[in-house]
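We have chain A; now place chain B onto it with these hints.
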Amino acid sequence: MNINIILVLLFNGVLLGLIYAVVSIGFSLVLGIGQVINFAHGLLFAFGAYIFWYISPIIGYWPAFIITPLIVGGMGYLIEKLVITRVYGQDPLFGLLVTLGISLAGTEIIRMIWGKLTKVVSTPGFAAGQVHFANIIYPKYRIALALISLIIILFVWWLMIRSNFGTIVKAGMTDSEMISALGHNLPVLRNRVFIIGSILAGMAGIVAAPLWGIKSEMGTDILMLAFTIALIGGLGSIKGTVIAALVIGIITSLGVLIIPRLVEAVPFILLIAVLFYKPKGLYGELTILGEVTAREK
Amino acid sequence: MNKVKVTFIVTLGLIIILGCFFITSSAAEPIKIGAVLPKSGNYAEHGEMELIGIYLAVEDFGGEVLGRPIELVEADDENNPDIGSRRARNLIEVEGVKFLMGGVSSSVGLAIGGVCEEKGALYLATNQNSDDFASVGYANKYMFHVAPGMDSLVRGAAEYVAENLGKKWYFITHDYSWGHSGTKWARNMLDQVGAEEIGEIKVPNGTRDFSSYLLTIANSGADVVALTVGGLDLQALYMQMNEFGLFDKMAVWCTLGNYEDSYPLNPEQRGMYIGVEAYWKESPGMIELSNRVKEGYPNAPLSVASANTYQGWLGMTALLKAIEKAGTTDVDAVIKAMEGMVICDNLRLEPTYIRPWDHQFLGVYPFVRDLQVEGVDIFEILFTYDSKDYARSLSENPLDLTAE
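Heads up: the sequence lines are chains A and B, in that order. The C-terminal position of the first sequence is numbered 297 in our numbering, with every residue numbered one higher than the one before it. The C-terminal position of the second sequence is numbered 701 in our numbering, with every residue numbered one higher than the one before it.
Just chain A, same shape as in the assembly:
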């Protein structure tokens, strides 16, 4: 087997993993910190891709890259205020069903607005073409997207782990009374986490659009992958989500050489294996059911 191919597939796996991480990290945050199984995350991901496709030819690539996540964040704000606030503290299944309903309705709205055919985003000029190295060809755009993904991940890690905001949010989820006594408003904190999750979903949509095409069902397609990665990594754990995404990216990329027919099943096999030995995921502190139990206590 050509060592060059193995190395480039490994490299490709890391890049895929970074992109998967951006897709999953917002979902994991809302699930771990907001304690809501947010099936509308896929819808926000799809809206990110569609809005970017629609406005980027008008206002340009980078302005659209900034504005699109803000619009999706605004949509997240509305969804949280109007619907999600009513499911906090309830059975996770209730939140799942409500957000699934939002997702299905939103998918129909996308079809009504933008039609049913696939939309295609052109590669921007700065990343057009391929890199040629040791007889290997690799698209510049994927490398650029991986770098953008890395910046997004580092920013979210800083925000949730290193900043005061992240510390307060995490503390509030485990001891809300103490946080309220200190003068922080828990509903506002939850709302902000949901908005951050939505912005990340919008960014993930932008990242994924040129790679996999834009379809109204794209959110549903990606949701299971995001859910799987979040569970493997551990609910709300940024570190766990990134590691799980990288592992899945690398295994699926290299798996093509060994077991191409099973590659699509790999994430789910991995999920079963991890949950069997570590029900809280790689770096999680509670299972989904554990979250409910902890809250009820």
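Keep in mind that the hints were calculated from the coordinates and are not lab data. Incorrect hints may appear among the rest.
[Unchecked claim] Part of the chain B face toward chain A, derived, beta carbon under 8 angstroms:
| no. | residue |
| --- | --- |
| 1 | E345 |
| 2 | G496 |
| 3 | I498 |
| 4 | V500 |
| 5 | A515 |
| 6 | L562 |
| 7 | Y594 |
| 8 | P598 |
| 9 | S600 |
| 10 | E621 |
| 11 | A623 |
| 12 | T625 |
| 13 | T626 |
| 14 | G672 |
| 15 | D674 |
What you are looking at is a predicted structure, and each value in this text was computed from that prediction instead of being measured. Every residue gets a Cβ at the ideal spot worked out from N, C-alpha and C, and that includes glycine.
Then chain B, alone, in the frame of chain A:
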């Protein structure tokens, strides 16, 4: 005496009125035809374009056959064999449907074909291309294969591909019945056209990222990639082939493609060689069909008739002609009427023939290149071939489905 006379006249009048009523109500009883096709999932827009073709064929018959109105009953197969066969069974058992048609996925179509055989209902597989539909072990007397099988699609193009595009072939196969058919026939042609197989990758239905596959293929030394991949997966594959610069390194032969797959791409993402079932500009009849789609269905995914639209139209036209010819809706009689039928007014330049022994529709099909142009005229027809010269012969496929 007068009383008896009056009673007789009144009774006779009532009998005549009631008789007329029953005759009228019987004549007005609709003929239900089930359209089981994907309205969601990988082939949703293919299914929608196909349904338009089915409706247009009904319209061509004035909405009735044998003096009875045609009632179309739609069902979404969700691109899933279990769901498709369940919906088909429901149409037959609950709705009383005796004729079914439609679909895109071969796995779904074969499952529905099994249900129809069990229930004695007639099924026309309109857009599924696995040759299993007309093969020993799968074919049955209640099933007709409207779409060309992969045997004729691949064998009709293989010689051109070997002579003009290259002789080192790498296969990408959608990992289900139809994908296997395409690669099997291309592999069978290797010796005949002097080509060699460099490798094969089987991809599951629903694959969206092909980067690892493409990296492997780009370094394989192949000069042709022979794809039998469909739907949204094929669109993603097209986009990523362009992204990885594969078009500069090798030719891409799509053993069967659809307008729905190529049209949404940006012009620079095109450049494949594709076997298609029909093209909207190939004949005056097809242009007319396209105009009807554009005018009658402004919200359709496409503003022209695709091959899926045409195949839906052809399937329904053949069925209604057969019912008309049989003069009854008895399934066995309609099957017999359909066998050997030649459809000359088929919108194409050459007629369609329904071969009796394997229930395979035969016709002339184009091989195209998709062009890097804006607009709706995106295919250049390179050549056409008659599928009767390439579909399996009786000795290759010893079937006998002909009705007694």
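Legend entry - Interface hint compliance - G496(B) to chain A, C-beta minimum distance less than 8 angstroms: Violated. Min distance 11 angstroms.
Legend entry - Interface hint for D674(B), Cβ within 8 angstroms of any Cβ on chain A: violated, 17 angstroms
Inset, instruction - Classify the hint on T626(B) as holds or violated, based on whether any CB of chain A lies nearer than 8 angstroms to its CB. - result: This interface hint is violated because 34 angstroms lies over the 8 angstroms limit.
Inset, instruction - Against chain A, run the beta carbon of A515(B) and see if the smallest gap drops under 8 angstroms. - result: holds, 6 angstroms
Legend entry - A623(B) as an interface hint toward chain A, with CB separation required under 8 angstroms: violated, 37 angstroms
Legend entry - Given hint S600(B) near chain A, where the shortest CB pair must fall under 8 angstroms: With a closest approach of 11 angstroms, the S600(B) hint is violated.
Inset, instruction - Identify whether the interface hint at G672(B) stands, where standing means a beta carbon of chain A within less than 8 angstroms of its own. - result: violated, 15 angstroms
Legend entry - Hint check: 8 angstroms Cβ-Cβ cutoff, I498(B) to chain A: At 5 angstroms from the nearest chain A Cβ, I498(B) passes the 8 angstroms test, so the hint holds.
Legend entry - E345(B) as chain A interface residue, shortest Cβ-Cβ below 8 angstroms: holds, 7 angstroms
Inset, instruction - So, T625(B) near chain A? Judge it on the closest CB pair being under 8 angstroms. - result: Given a least distance of 39 angstroms, the restraint on T625(B) is violated.
Inset, instruction - Answer holds if the nearest beta-carbon of chain A is closer than 8 angstroms to that of E621(B); otherwise answer violated. - result: violated, 34 angstroms
Inset, instruction - Have a go at the V500(B) hint: is there a Cβ in chain A nearer than 8 angstroms to its own Cβ? - result: For V500(B), the interface hint holds, since the closest Cβ of chain A sits about 7 angstroms away, which is under 8 angstroms.
The structure does not agree with the numbered hints 2, 7, 9, 10, 11, 12, 13, 14 and 15 stated previously, though it agrees with the rest.
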